[in-house]
Amino acid sequence: MAKLTKKHKEALAKIETNKLYSLQEASSLVKEVSYVKFDASVDVAVRLGVDPRKANQMVRGVVTLPHGTGKDVKVLALVTPDKEAEAKEAGADYVGLDEYLQKIKEGWTDVDVIVTMPSVMGKLGPLGRILGPRGLMPNPKTGTVTMDVAKAVAEVKAGKIDFRVDKTGIVHAAIGKSSFTPEQIFGNAQELIQTLIKMKPTAAKGTYIKSIFVSSTMSPGIPVDPKAV
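Numbered by the working numbering, the letters in the sequence shown go through residues 1 to 229 in order.
It is worth saying that the hints were derived from the structure and are not from the lab.
Keep in mind that a hint or two might mislead.
Said to hold, decoys possible - Only pairs whose alpha carbons sit at most 30 Å apart, straight line, appear in this in silico DSSO-like list of lysine-lysine:
1. K167 - K71
2. K160 - K210
3. K141 - K157
What you are looking at is a predicted structure, and each value in this text was computed from that prediction instead of being measured.
Let the sequences and hints guide you as you build the complete structure.
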């Protein structure tokens with residue numbers, strides 16, 4: 001087992017053993033237990049009572065965080081020439097088509113989100129083995145395959161993130177930075193959790209929200225009372 005550093009032990013000491021915190025308390029405490037020297041990412045992990053192996057219990061969707069992600073999201077818009085101007089105006093960092101398809105084929109993936117149009121998806125198919133594992137393949141369900149390219153780019157830039165339950169039944173999402181105020185962290189975390197609650201699959205039985213943890217990069221997780229969200 002890895003040896004705990006002095007700072008990690010100090011952070012752990014601030015979290016009461018066996019206590020379930022309210023989301024508001026956790027949103028304040030996560031700032032106190034963050035001890036790294038950079039602006040750490042604040043993450044939420046929600047364990048759901050679903051079986052992700054069953055298609056009717058898969059939880060996947062998008063949420064627009066009211067206070068943004070705190071991260072400058074790099075967006076590539078793969079569009080036809082007639083859509084280039086609106087993509088640039090909406091804030092896309094890279095705009096084009098064939099030249100970027102070639103760059104991706106050669107291994108370039110220095111972007112966070114790719115937005116494209118339905119007519120271009122056929123060209124992206126062969127690049128699935130590069131984009132898929134990195135979570136970069138556009139998907140109509142997350143709003144990244146659309147004719148309204150400007151709207152999609154603007155939403156991503158404003159704090160729209162996509163999430164999906166992993167094979168262990170947990171949804172992990174970065175919802176801000178440790179430099180955010182407790183109110184901003186709370187607002188973003190609550191938006192994600194409420195979105196998950198609304199998405200409960202009808203096939204899921206028993207307790208749906210099993211556990212919630214709020215943490216920042218390298219910090220210990222703070223357990224949140226699922227019944228109080």
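Okay, the hints, checked on the actual structure:
no. : hint        : in the structure
1   : K167 - K71  : holds (27 Å)
2   : K160 - K210 : holds (25 Å)
3   : K141 - K157 : holds (18 Å)
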